[in-house]
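Next come the chains, spelled out residue by residue.
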Amino acid sequence: MTFKLPVIADRAMSRRGLLQALSGAAGGLLLADFLLPKAAFAAEKDVKRKFIFAYFEGGWDQLLGLDPRPANTNPMTQLIDPGYGQLGYGMQTRGIQRVGNLELGPAVPQAFIDVAAECSIIKGITMDTAAHEVGRRYFITGRFPRGLDAVGSSTASEILAQIGEATPIAHISAGVEAYAEKMPAFAQALNVNSLSDLRTALTPLVTLDPKIKEAVERFQDQSPGCEGIRLDRDGLTSQMLESVKRSRSYITSQLSSVFDTTRMDAEMMALIQRYDLVAAQGDLSAPEVMAFAAGQAIKKGVSQCVSFQAARTLDTHADWAQDHPGRLETGFKVLGALIADLKATPGSMPGKTMLDETTIMAFSEFARTPLFNNIRGRDHFLGNSVLVAGAGLKRGLTVGGSAAVGQMPIETDLTTGIAYETPTQMMRDSGQVQILTPKHVLATVLASAGLDYAYLRAEPIKALLP
Amino acid sequence: MRIMTVVLTLVAFSASAQADAKCELAKPIDGQRLLRRLSLDLRGYTPSYQEAVDQRGSAEVSAAKLDSYIQSADFVGTMRKYHEQLLWPNLDSAELDPLQQKLFRVDMDPGMGEDFIYFSILRALFLRSVTQQFPICRNEPATFDAQGQPVMTPLVVNGQTVAMQEGYVMVEPYWAPGTQVKVCALDAMAPASGTGRICTAKARMSPYMNQTCNQFGVYPNAVQPPVPFNDAPIACDSAFAFLSSECGCGPNLRLCQTDETAARLRRSLIDQQMRVVEDVVSQDLPYTEVLTRMRVPMNGAIAHYLRYQSRASFELFGETDATNPIPPQLSYLDDTWVNVDRGGRHSGILTTPGYLLKYMSNRGRAHRFYNAFECSSFIPGGPLPSPQEACSKHEDLTKRCGCDACHIRLEPMSAHWGRFAEYGFTPLDEGRYPRTAAGVCTNFQSIDQLFRCFRFYNVQPVGEEEAYRNQLRPYVFRTPDEVAKLETGPRALAQASIDSGAFASCTTRKLWGYYMRREPTPDEESTVIPTLAADFKSGGYKIKDLVKKIVTQPAYRRMP
Amino acid sequence: MKRAALILAVALAACTKPPEMQQMQPPPPPLKVIANPAPSMPDGHPALKDLAIGSRGPRRMSVDQLERSFDQIAELPPGTVKLPPDLALTLGRPDYKRLTEEQLQPTPLFMKFMLDLSAYLCPLLANAEATRPTDATPPQTSCMNPTSPMCQKFFTRFPTVDENIRYLVLRFTGIEGADADPYVTRLKAAYETGSQSSATLSGYQAVCASLFTSPEFLLY
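Chains as they are written, first to last, in my numbering: chain A, 1 to 466; chain B, 1 to 560; chain C, 1 to 220.
What the hints contain is simulated information worked out from the structure, not anything from laboratory work. Be aware that a few hints might be false.
[To be verified] Far from chain C, by Cβ distances over 10 Å, these chain A residues were calculated:
{"hint": "1", "residue": "L79"}
{"hint": "2", "residue": "Q92"}
{"hint": "3", "residue": "T93"}
{"hint": "4", "residue": "L102"}
{"hint": "5", "residue": "P109"}
{"hint": "6", "residue": "A117"}
{"hint": "7", "residue": "S223"}
{"hint": "8", "residue": "Q254"}
{"hint": "9", "residue": "S257"}
{"hint": "10", "residue": "M269"}
{"hint": "11", "residue": "L371"}
{"hint": "12", "residue": "D379"}
{"hint": "13", "residue": "A404"}
{"hint": "14", "residue": "G406"}
{"hint": "15", "residue": "L465"}
[Stated by the list, open to error] Covered, in the sense of this in silico footprint (three residues per stretch, anywhere, with C-beta under 8 Å from a C-beta of chain B), are these stretches of chain C:
{"hint": "16", "region": "58 to 71"}
{"hint": "17", "region": "171 to 183"}
[Claimed, not checked] Straight-line alpha carbon distances no greater than 25 Å define the calculated DSS-like cross-link-like pairs of lysine-lysine that follow:
{"hint": "18", "chain 1": "B", "residue 1": "K399", "chain 2": "B", "residue 2": "K485"}
{"hint": "19", "chain 1": "C", "residue 1": "K97", "chain 2": "B", "residue 2": "K81"}
{"hint": "20", "chain 1": "B", "residue 1": "K510", "chain 2": "B", "residue 2": "K549"}
{"hint": "21", "chain 1": "C", "residue 1": "K97", "chain 2": "A", "residue 2": "K245"}
{"hint": "22", "chain 1": "B", "residue 1": "K549", "chain 2": "B", "residue 2": "K537"}
{"hint": "23", "chain 1": "A", "residue 1": "K213", "chain 2": "C", "residue 2": "K188"}
{"hint": "24", "chain 1": "B", "residue 1": "K81", "chain 2": "C", "residue 2": "K188"}
{"hint": "25", "chain 1": "A", "residue 1": "K48", "chain 2": "A", "residue 2": "K182"}
{"hint": "26", "chain 1": "C", "residue 1": "K82", "chain 2": "A", "residue 2": "K213"}
{"hint": "27", "chain 1": "B", "residue 1": "K102", "chain 2": "C", "residue 2": "K97"}
{"hint": "28", "chain 1": "A", "residue 1": "K211", "chain 2": "C", "residue 2": "K188"}
All C-beta atoms, glycine included, are put in the ideal place defined by N, C-alpha and C.
Let the sequences and hints guide you as you build the complete structure.
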């Protein structure tokens with residue numbers, strides 16, 4: 001029997017139809033190996049969906065967050081040392097916190113526990129790398145980097161290319177790398193590192209004399225000349241001129257007031273309290289401030305996709321007990337504030353909230369070793385977990401898992417979400433169980449909005465999809 | 001429809017430009033634009049007006065002009081930037097200023113002019129605190145008892161004693177000679193012997209100190225015979241000095257750091273690395289010396305740190321390095337750079353503190369070398385297999401399935417740094433750190449020795465590690481061949497890369513990409529790049545010659 | 001002709017479908033450079049006209065290059081123009097922690113800031129002549145302000161506006177001669193509009209800002 005690879009662009013033909021067109025169950029099984037996953041075209045594309053990607057920088061400790069273990073786990077036999085006894089009194093008292101079917105570690109504060117029911121956890125993700133840049137870029141683009149170089153575009157850009165532009169700054173990336181390869185200009189990120197950068201983008205720092213401004217804009221509108229055209233190899237000149245036009249629109253839209261924390265009105269006062277901006281102590285790139293900016297950008301219709309740094313400097317190879325728990329706790333605190341803010345904000349449809357229209361994914365480049373190193377820290381670990389919340393995804397679920405010994409990722413049934421320590425050979429051979437990767441997670445995020453995820457070459461975790 | 005917009009806009013560009021009659025889209029760059037391109041690439045800025053005037057009427061940039069650019073100090077500056085992109089110099093994560101020796105400055109009278117006192121928050125917790133967590137001293141001159149110890153008086157709040165406080169003393173700090181600053185007396189202590197005693201009965205009167213002494217005291221009592229602990233002497237510049245109430249910041253506060261001194265140290269360590277590169281480029285030395293050179297520059301900030309402060313951190317292991325002498329004439333403020341000739345296993349930038357502290361593990365050090373100087377990456381072979389499979393349980397990563405694809409090469413490469421401390425920069429010489437633990441892990445004389453034993457030796461092996469019990473950790477799983485590399489040091493790795501041609505080829509390829517702003521075409525891969533690399537090697541690895549050859553390639557002046 | 005073509009492009013763009021109906025399409029391929037056929041090539045060698053010869057790729061100036069180039073163009077002391085470090089990070093200067101390579105995309109934030117920077121720097125350029133020392137050797141510069149001591153001392157015939165504009169085009173972009181003619185025409189229009197402002201040498205400030213934010217300056 002010969003197989004012909006399907007034409008991906010032929011969206012009228014469903015995958016099932018193609019399988020049925022060929023005879024033999026064995027042919028169907030083999031074909032499954034060759035067929036790229038199809039988009040869930042039965043689901044309609046949700047072009048109004050918003051997305052938030054919360055990045056915990058440095059490699060988070062799952063034992064303190066998304067994949068905790070009992071405090072009395074024996075390091076010698078289980079090869080896992082939760083280390084909860086080294087934590088401060090408050091965190092030790094928390095221990096493992098249960099919210100329905102979710103278990104969260106002691107670094108997760110009440111501010112997140114209050115909204116945890118809106119979330120689901122994906123455990124047992126293999127990163128295939130222990131390098132920060134590689135893990136981070138893998139999660140950002142969904143494709144494994146080439147060496148250290150990111151491959152392809154950020155997931156946010158891929159999403160925007162599918163749903164189109166509906167906001168002034170469709171894509172903001174705050175403190176997170178962003179990549180756009182052959183993407184329309186609106187899908188490329190406005191990269192900022194702090195709230196002041198965002199304000200810089202949205203307000204003139206120096207006011208040009210109106211006549212000089214008029215002269216410059218007219219000159220820009222007539223650009224480029226011959227030399228500029230010659231320099232347009234790879235589209236660089238075109239990109240520049242498009243950027244000029246976009247930057248003008250940021251100013252004329254007067255978007256800066258959305259992010260102006262010096263406003264003394266009741267709304268801003270409430271936001272300052274909700275996001276605990278005082279804790280940032282004036283640091284405009286602090287997690288509290290970044291989360292605030294992300295929330296405002298989504299709620300006020302400034303952006304459709306926002307990536308922001310929710311926690312930083314988690315890469316604690318030494319002095320884990322002193323440094324890691326507090327920083328991780330801050331990350332969950334700001335994430336909790338963001339989810340609560342979206343939940344409290346009416347959406348565009350009656351009876352819906354912004355959380356019902358926004359999909360959130362929280363990730364880190366990898367997790368940390370379940371055992372301590374010889375300088376009281378935890379090193380890089382190939383396993384990982386992810387948190388998802390919001391629109392298009394089931395809530396309150398834990399899918400996937402890690403081994404009882406050593407916490408390495410174990411295989412998961414994408415349909416049921418159940419993880420198996422010892423799956424049968426048939427389960428493996430049939431593809432029923434797979435080790436989860438960032439591709440599966442991102443495919444799930446895209447599928448939740450009815451978007452095409454074929455480029456990821458992985459199936460979504462159907463257990464999380466309604 | 002968006003593509004149509006783009007296409008039509010481009011058509012509009014060229015249509016309108018052609019209407020101006022002189023827009024040839026494909027032609028070699030003219031002399032002025034070539035001059036501009038060369039000036040920006042080789043010096044980092046546009047040409048001067050005089051240079052533009054001199055260039056008029058000539059389609060070529062003269063050899064003399066090109067040489068002047070390449071011989072300029074600005075070219076060295078651009079090479080420095082190029083190497084920053086290879087080495088990623090950032091030391092924010094290195095604990096160069098541990099809390100135990102960090103002084104913070106507090107304004108005792110905000111809004112009324114400056115009245116600062118320097119104090120250590122750790123010593124505040126251990127030596128002053130009763131219930132108040134980080135009490136500072138009193139803002140009045142200290143008094144001393146007959147033994148020369150500061151007199152402590154209670155701080156009472158709402159009828160309760162919350163802290164015991166001493167006063168301040170005036171000290172001339174090492175970072176600002178000729179001036180005096182207020183320092184809490186306990187923090188300014190400078191015993192003449194340079195030593196104190198840890199966990200004395202007096203020190204334990206503080207509940208926090210007592211608790212910490214109890215926590216640390218578990219370790220000395222876990223071995224037989226127990227290690228001397230309570231009242232044991234400790235050098236005041238040691239990481240354990242915070243357990244002593246008798247050690248402070250030493251004469252002129254030289255053992256301690258502030259935010260400003262720490263920032264200057266970080267800049268200096270990065271600068272030191274980059275100056276090695278600058279020296280090689282500016283002196284037209286063989287480029288291989290970047291990896292093999294023994295001579296490095298040192299300034300006063302680094303000298304002061306190595307003399308007095310590098311041993312103060314638990315995390316960052318910075319014992320005295322006999323193979324890296326400290327010029328005696330360098331004082332803290334001295335910003336001149338003095339050349340130091342290192343010995344031992346040092347090798348170019350690969351063993352400078354800046355490199356070793358940026359890449360804190362031996363694997364990290366090897367990985368960066370592999371990326372930067374061999375243009376290679378470690379790419380896993382695929383997803384990890386089940387952890388239940390037998391081959392997933394190897395402790396030896398060169399055998400563990402899923403890991404072996406990379407580690408079979410990475411482990412031997414990492415071994416080259418085996419005799420340099422991880423999470424630190426100290427060479428581990430055979431005298432103090434023999435291959436087996438016999439001398440280090442028996443007959444413990446101090447808590448410091450105990451911690452070094454556990455830090456560096458495989459005294460609690462797991463599974464396959466058993467065969468390497470009590471060996472210095474980098475020796476675990478190493479074959480005899482790899483042990484030979486370990487004992488030679490990173491120089492052996494560098495030399496192997498140079499001898500194989502990988503170094504020349506990678507350098508050529510990276511510089512090609514840097515100046516051409518693109519990867520080589522297939523034709524260039526098979527013809528131009530190998531020729532340039534061979535010339536680079538046979539010509540003595542002169543980087544300026546290689547750059548000149550690249551920017552005089554026809555491709556460099558094609559437009560577009 | 002140029003204007004008509006652009007109007008046509010805008011009109012067609014207005015006819016595009018709503019965003020949700022758009023498909024993502026790749027941009028057109030980069031221009032291929034075709035060499036002129038050489039007079040003789042070895043037998044069996046592919047015709048050169050069929051080969052694509054690589055050229056150097058264009059790139060945007062880095063933050064460091066911008067700072068130093070403006071010092072050079074305005075003949076300011078080296079190191080005068082220095083961006084705040086945080087902003088430099090946002091504009092692409094790596095810190096080798098979060099950003100490990102120079103980001104050279106001309107993003108909207110970057111272009112917006114270039115306009116801000118020109119608003120700050122172009123007055124410096126306009127005023128630089130007035131403060132240039134007169135005891136130096138005769139400078140090879142323009143003279144935009146005939147009343148300045150430097151111009152009074154060293155120029156017997158003051159350059160025309162067109163000549164000064166040509167000078168600025170050469171300083172900023174390296175374009176001169178006939179290639180510069182179209183630019184001079186457009187910049188003259190910018191000069192005339194800018195001159196309607198009361199700011200010092202406002203016409204030249206408009207020229208400066210136009211050049212500073214142009215691809216001919218920022219790319220090379």
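Right, here's what the structure says about each hint:
Every beta carbon of chain C lies more than 10 Å from that of L79 (chain A), the smallest distance being close to 32 Å; the non-interface claim holds. With a least CB separation of 32 Å from chain C, Q92 (chain A) remains clear of the 10 Å interface cut-off, as annotated. Here T93 (chain A) stays apart from chain C, with its beta-carbon at least about 34 Å from theirs, past the 10 Å limit. Residue-level check passed: L102 (chain A) sits 31 Å from the nearest beta carbon of chain C, beyond 10 Å.
With a least CB separation of 25 Å from chain C, P109 (chain A) remains clear of the 10 Å interface cut-off, as annotated. Consistency note on A117 (chain A): stated as away from chain C, and its beta-carbon is indeed over 10 Å from all of that chain's, at 32 Å minimum. Taking the minimum C-beta to C-beta distance to chain C, about 6 Å, the non-interface status of S223 (chain A) is violated against the 10 Å cut. Even its closest Cβ contact with chain C, about 14 Å, leaves Q254 (chain A) beyond 10 Å, as expected for a residue assigned away from the interface.
Chain C leaves S257 (chain A) outside its interface by the beta-carbon criterion, the shortest separation being 17 Å against a cut-off of 10 Å. M269 (chain A), annotated as away from the interface, keeps every beta carbon of chain C farther than 10 Å; the closest lies near 27 Å. Under the 10 Å C-beta cut-off, the non-interface status given to L371 (chain A) relative to chain C holds; the minimum distance is some 27 Å. Remark: the non-interface label on D379 (chain A) is consistent with the geometry, its nearest Cβ contact in chain C lying 18 Å away (cut-off 10 Å).
Remark: the non-interface label on A404 (chain A) is consistent with the geometry, its nearest Cβ contact in chain C lying 36 Å away (cut-off 10 Å). The beta carbon of G406 (chain A) sits about 31 Å from the closest Cβ of chain C, which is more than 10 Å, so the claim that it is off the interface holds. The Cβ of L465 (chain A) sits about 22 Å from the closest Cβ of chain C, beyond the 10 Å cut-off, so the non-interface label holds. Coverage of a stretch by a chain is defined here by at least three residues with a beta carbon nearer than 8 Å to that chain's beta carbons; for the region 58 to 71 of chain C and chain B the count is 8, and the condition holds.
Counting residues of the region 171 to 183 of chain C whose CB lies closer than 8 Å to any CB of chain B gives 10, which reaches the minimum of 3, so the coverage claim holds. Distance check on the hinted pair: K399 (chain B) and K485 (chain B) sit about 20 Å apart at the alpha-carbon level, within 25 Å; holds. Only pairs whose Cα atoms come within 25 Å are accepted, and K97 (chain C) paired with K81 (chain B) is accepted, the gap being roughly 15 Å. Taking the CA atoms of K510 (chain B) and K549 (chain B), the gap is near 14 Å; set against the 25 Å cutoff, the hint holds.
With a C-alpha separation of about 31 Å, the suggested pair K97 (chain C) and K245 (chain A) falls outside the 25 Å cut-off, and the hint is violated. Only pairs whose Cα atoms come within 25 Å are accepted, and K549 (chain B) paired with K537 (chain B) is accepted, the gap being roughly 13 Å. At roughly 15 Å between alpha-carbon atoms, K213 (chain A) and K188 (chain C) fall within 25 Å of each other, so this suggested pair holds. A hinted pair counts as satisfied when its Cα atoms are at most 25 Å apart, and K81 (chain B) with K188 (chain C) does not qualify at roughly 38 Å.
Restraint check for K48 (chain A) and K182 (chain A): satisfied, since their Cα atoms lie roughly 23 Å apart, inside the 25 Å limit. Under the criterion of a C-alpha separation no larger than 25 Å, the hint pairing K82 (chain C) with K213 (chain A) is consistent with the structure, at around 23 Å. Of the supplied pair hints, the one linking K102 (chain B) and K97 (chain C) holds, its CA atoms being roughly 24 Å apart against a limit of 25 Å. The suggested pairing of K211 (chain A) with K188 (chain C) holds, with an alpha-carbon distance near 14 Å, which does not exceed 25 Å.
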